[in-house]
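Protein chains: 2
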Amino acid sequence: MTDIVKKETISANSNVLKRSANNDVENEYQSPVNVKRPVIVPACKPKLRYTLLKTGLCYDVRMRYHAKIFTSYFEYIDPHPEDPRRIYRIYKILAENGLVNDPTLSGIDEIGDLMLKIPVREATDSEILQVHTKEHLEFLARTPQMTRDQLLKETEKGDSVYFNNDSFLSARLSCGGAIEACKAVVEGRVKNAMAVVRPPGHHAEPEMAGGFCLFSNVAVAAQNMLKSYPESVRKIMILDWDIHHGNGTQKAFYGDDRVLYISVHRHELGKYYPGTIHGNYDRIGDGKGEGFNCNIPWPCGGLGDAEYLWAFEQVIMPMCREFQPDLVIVSSGFDAADGDTIGQCHVSPSCYGHMTHMLKSLANGNLCVVLEGGYSLDSIAKSALAVAKVLIGEPPDELPEVKQPKSEALETIDTVIRTQSKYWKCFKGNHANDGCSFKKKATETIANRNFPLQNAIRQQQINLLMSEYSFVMLPLINMGLQDDTVMCSPNVYDSQAILICVHDTPEIWAQRSRVTGNIDPSTSIIVDTTVDVIKWGLERKYGVIDINIPQSLNEQDNYSAVTTAQEVLVFIWDNYLKFFPSLNKVAFVGIGDAHSGVVHLLGHRDTRNIVKCAISFIDQKPLRPLIPLVDETLADWYYKNSLVFASGENTCWGSDGNDNKKPRKKFGRVLKCDSDGLNNNFEEKFDEATDFILDAFEEWSDSE
Amino acid sequence: MTDIVKKETISANSNVLKRSANNDVENEYQSPVNVKRPVIVPACKPKLRYTLLKTGLCYDVRMRYHAKIFTSYFEYIDPHPEDPRRIYRIYKILAENGLVNDPTLSGIDEIGDLMLKIPVREATDSEILQVHTKEHLEFLARTPQMTRDQLLKETEKGDSVYFNNDSFLSARLSCGGAIEACKAVVEGRVKNAMAVVRPPGHHAEPEMAGGFCLFSNVAVAAQNMLKSYPESVRKIMILDWDIHHGNGTQKAFYGDDRVLYISVHRHELGKYYPGTIHGNYDRIGDGKGEGFNCNIPWPCGGLGDAEYLWAFEQVIMPMCREFQPDLVIVSSGFDAADGDTIGQCHVSPSCYGHMTHMLKSLANGNLCVVLEGGYSLDSIAKSALAVAKVLIGEPPDELPEVKQPKSEALETIDTVIRTQSKYWKCFKGNHANDGCSFKKKATETIANRNFPLQNAIRQQQINLLMSEYSFVMLPLINMGLQDDTVMCSPNVYDSQAILICVHDTPEIWAQRSRVTGNIDPSTSIIVDTTVDVIKWGLERKYGVIDINIPQSLNEQDNYSAVTTAQEVLVFIWDNYLKFFPSLNKVAFVGIGDAHSGVVHLLGHRDTRNIVKCAISFIDQKPLRPLIPLVDETLADWYYKNSLVFASGENTCWGSDGNDNKKPRKKFGRVLKCDSDGLNNNFEEKFDEATDFILDAFEEWSDSE
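So the sequence lines, in the order shown, correspond to chains F and S.
For the first sequence, position 614 matches number 614 in the UniProt record's numbering, and the numbering has no gaps at all.
For the second sequence, position 86 matches number 86 in the UniProt record's numbering, and the numbering has no gaps at all.
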């Protein structure tokens, strides 16, 4: 076999030489036919930067000396979360998985073929002073000599920090470890590195400790890399995936365009630790640093792989590729990990692997991962192992089933992109008008040439109702609402049966230009489901009342619209319906949030003589409970005489839509639609809804 | 130093033991104080799948035997692009860079520590018949015995294929190489693999050769992996980044849900090779395979890193993570590479590295890259080297400066996401209503409850003009347009000066819900720039005419709107303006595409006695040339008496916006705005525009 291959090899080569004899395209074959040239021997030394290098590892048992001084028995049972065992557990799992060869787990120097031990040393004063104030350093330098009482007093005074006589040593080692890890990467002694250090650093501001952090390790390391390697390290990207905002790191580089700081963290309007507004999306840097600070502030906990990967692919990676850092440092808290009771998020170990893998593609692979928070010992160990495996060259493990990112996260990411689109080309194709001020602009009347779109849409409805169906306005007195809020058919006063349609502004289907971010009016349509209801009512000779409830401007919960709906319905009942002479049957059709007006009326007035049924199409809008002010049996009555159509995506069905969670009776008879979206729900259930009304009106004899 | 460390190590350990003596949280430290336990020795065999394995490489000189039979001298000078040297050049660059240790470049078996040679064999009949028809196999099996004339005849008959007596051997080897490479990955003999094979495969359909391809190598390999490893290979993702659509591969798995085929390619409405509609975004698979075929069809050439990375992060990676393949095969043509004259795109070698790096994160790293097209020998060599380096474990090189993705690509990706959002959860947060049929739906009147948004917006304008400024309609007779197209101020008949504002439907600023994809009417506003123009005119006691030109439905070039604008302007000139008794000054303000009506009028009628100037705000809309039908001097006159404000992003400034390309005189005096977007242009230039009108009307004496 080998012989045959060899023969063929030769003939193949000669074939090529022959073929290309007259061929001018290629240099390497310009020799004339049959003149033998020596074969060009390629240089064979691998031109590889990293494949032959190990991954660096910083670990030193002395960083475990810093510990909270116990003052009560309960602290033994429920130890402080920033526990000395954190770094030990990470080192242990690396050893258990063979990444580190250290059978005694004592932190030896020779740790095998995969990782290279980077000796940890204390950060020097001058290194620390690159970021921190002299006062802060001097304060910490006094702690080794303090008495137990003094230490406890300082612990009491600080913002979530503790001190013992070893704190200063541990903090200097932690900081020095971060520096040495970065240095080994920058100098090319390792391909990348992981610093398993504590106490953490990212909450330590230049002038004070905080949030379990004494020195701002990553900031000190970054600052010193910029200083020591001005040629090879001009730009650094710090990615902080700790669940808390890295206020200290942000502060250290807020005015610096050499360091791009990106933090993904729980923010919750500033209520989550560190509890300030500095972690909000609109903190984008200052002066020269404007545009070089990017906060991705989650509005809630409970997020996981889907949201973090979304953030990476939509924001972090495009931005970093544009920034082109020379070094990437990860402020790697593992408190967003599944199982961390402080972070309450669900990032899987393999997701940490995937994120690490993505970051490896930056900065020619110059990546240094520095431990920050993370308080479940099991979770941080598993997460750190996943990161370390990817660092040494393993592919990340397959992700557990990826879910759809939560809408809260989607909205956060959208806001961040809009905000940053001012500074980053990669987001230009994604911007919605001009950035952060959009919502503000949209609700301000900055000029009298800006008109709310919903007014125009209502005008469209009015025109149709008036011209096609001769509707007239039904006045609302002293309510401060638009004249066109309630319209009714001309026969309404004398009708026996009235159909009342209470609705939000109709849906608009629109395409947004990727280029300008604006809506293209030529392909946008208003989908007005109410028209079908009204036509159906008129065909059956019912009186028809159309009530439009515009949505609230600038209110998350649509509060004032809901209030308006409630007031209008009660007003119409008290001032009109009660007095209509022939009226004996009323059916409500509520569409969207406006249906809350119907539920409110049915609980606040006894309408049971006349009202026969209430149908609602709520899509993904919240359910509204009937509050039975008249008597207790109202909720039962409502359940029997209502249909509430909710889309499968409505949160009332539980978090994943598959639970057969059943809403309670006070919400009416809630039915799940197979389709999604108001219009689709409506198409699916229109016949069921109208049949229900006919049934309630006892009109089957007429119609069938 | 070592001594100190050791001592500290011990004391640290004992410290921990002491500390955790009373600690119930952790299992490993539950022994009582001072009772020594043996230290737990972790198992130290690395639990690593890939780090210790090499990357596989398929290469065999016999695949160079397949070559075009030369029939004229010119084929020596300009050889067929699918040239036998393609695979040699790739092998050579791997050797030159030390990835392969083969000084003679003859394809030896022992190629060093980084890559493992995978011997190439001929695919068997039964393997090939997994995808291809018996007729196709039998036809190719006859080619070794054919005469030169027969071969030339078959070459003539085929669709861009050629044959010689070695074609069958080379094709079987190429196909067998793909199979063996995949096999080595699946069996874990290598960490991943690269098959440097030819002839390529992805255009070969089950029943016929085509596009330089004889057997559908990747399809045959995939099909056989599914068959041979039913336990470990249940799902395969094939990513085809060749610049051409892989019609053969698509066809092989169009009804198969086990293979997700994703292709990124030039399509150009089906005009680009292979020249059919099968590569369009709406080809999403059939039957069980519905949703498992994804085409990303570029509408043009000239694309590069920005667009490919965008496609990866927005579409490919999310989709693949959701699919969770067991094996990823890349149909790796390098004809999208910078320098390829057939592909005319600009994907850099490092971008190929980045894309490979991303794919490595899937399927536990089970990745096999199989060569397809790519016709610049230099480009394919550099690209393949970048891919190979990432396969063996190098980080991808830094990208050249990443540009903003082109709007054509953004739109393509949007369309693909909308189309696929029906099948993939990951796109749920990104969908615009329900998928592929959106545009169709938007322009159909599927029910009489759908109304074009632009009608509602015009209604809003009419209401304002009538109620605030007492405007009346100016009738257009026999033009088949809406009554409300032209409105005028009551004084228009007697005015000496008239300002005519011709505009598109105003801009809408809107936020789209990430969750439902619908527009939120409560925060959407109509930004009607015309109001400022009209108010300014009325304040100066001019007559004012407002002309609304709705945009064309479902037309890319807005053709019918442009025609309407032209007809309306001519009609108004011929039937009104010419006969107004006192009129001696007219100024036009054109906003958007509608300004083409003004340009048309000024070229088709001699309006110079009365028309003093024409201002246009066109944002990113196309320039319109004046066609001087009346006399040749009109273009000069237009240049002197016009201002055309275009945004900096308008394509009239050349492709990157920085050229000082100057539009020609017939387009009027075109000025670049600093701002972007119609509304911003308008705010920036409003004073300049009105000053220009005052100047033209010689009214400075009055106003200053």
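Because the hints were derived from the structure by calculation, they are not lab data.
Idealized CB from N, CA, C, for every residue including glycine.
Treat the hints loosely; a few may be bogus.
[To be verified] Straight line, CA to CA, 20 Å or less: simulated SDA-like cross-link-like pairs of lysine to any residue: (1) K428/F x P400/S; (2) K183/S x Q324/S; (3) K422/S x S407/F.
[Claimed, not checked] Looking from chain S toward chain F, a few residues come up when the C-beta cut is under 10 Å (computed): (4) N97; (5) E322; (6) G353; (7) A363; (8) P395; (9) P396; (10) C426; (11) F427; (12) Q461; (13) S522; (14) S524; (15) I525; (16) S552; (17) P663; (18) K666; (19) G677.
Each hint, compared with the structure:
1. About 19 Å separates the Cα atoms of K428/F and P400/S, which keeps this hinted pair within 20 Å; it holds.
2. The straight-line distance between the Cα atoms of K183/S and Q324/S is roughly 19 Å, inside the 20 Å bound, and the hint therefore holds.
3. Distance check on the hinted pair: K422/S and S407/F sit about 18 Å apart at the alpha-carbon level, within 20 Å; holds.
4. At about 5 Å, the closest approach between the beta carbon of N97/S and any beta carbon in chain F falls short of 10 Å, and the interface hint on this residue holds.
5. Against a cut-off of 10 Å between C-beta atoms, the interface hint on E322/S holds, since the closest Cβ of chain F lies about 6 Å away.
6. Taking 10 Å as the C-beta cut-off, the interface hint given for G353/S holds, the closest approach to chain F being about 8 Å.
7. Satisfaction of the interface hint for A363/S is found here, the shortest Cβ-Cβ separation to chain F being roughly 7 Å, below the 10 Å cut-off.
8. Hint status for P395/S relative to chain F: holds, with the closest Cβ pair at about 3 Å, below 10 Å.
9. Contact between P396/S and chain F, as hinted, is supported at the beta carbon level, the nearest pair being about 5 Å apart and thus within 10 Å.
10. Taking 10 Å as the C-beta contact cut-off toward chain F, the hint placing C426/S at the interface holds, the least distance being around 7 Å.
11. For F427/S, the suggested interface contact is upheld, since its CB lies about 9 Å from the closest CB of chain F, less than 10 Å.
12. Given the 10 Å rule on beta carbons, the hint for Q461/S holds: about 9 Å separates it from the nearest Cβ of chain F.
13. A hinted interface residue such as S522/S counts as satisfied when its beta carbon comes closer than 10 Å to some beta carbon of chain F; here the least separation is about 3 Å, so the hint holds.
14. Taken as an interface hint, S524/S checks out: its beta carbon lies about 4 Å from the nearest beta carbon of chain F, inside 10 Å.
15. With a least beta-carbon distance of about 5 Å to chain F, the hint placing I525/S at the interface is held under the 10 Å criterion.
16. For S552/S, the suggested interface contact is upheld, since its CB lies about 6 Å from the closest CB of chain F, less than 10 Å.
17. For P663/S, the suggested interface contact is broken, since its CB lies about 20 Å from the closest CB of chain F, more than 10 Å.
18. A cut of 10 Å between beta carbons decides the hint on K666/S: the least distance to chain F is about 26 Å, and the hint is violated.
19. Hint on G677/S holds. Least Cβ distance to chain F is approximately 6 Å, under the 10 Å limit.
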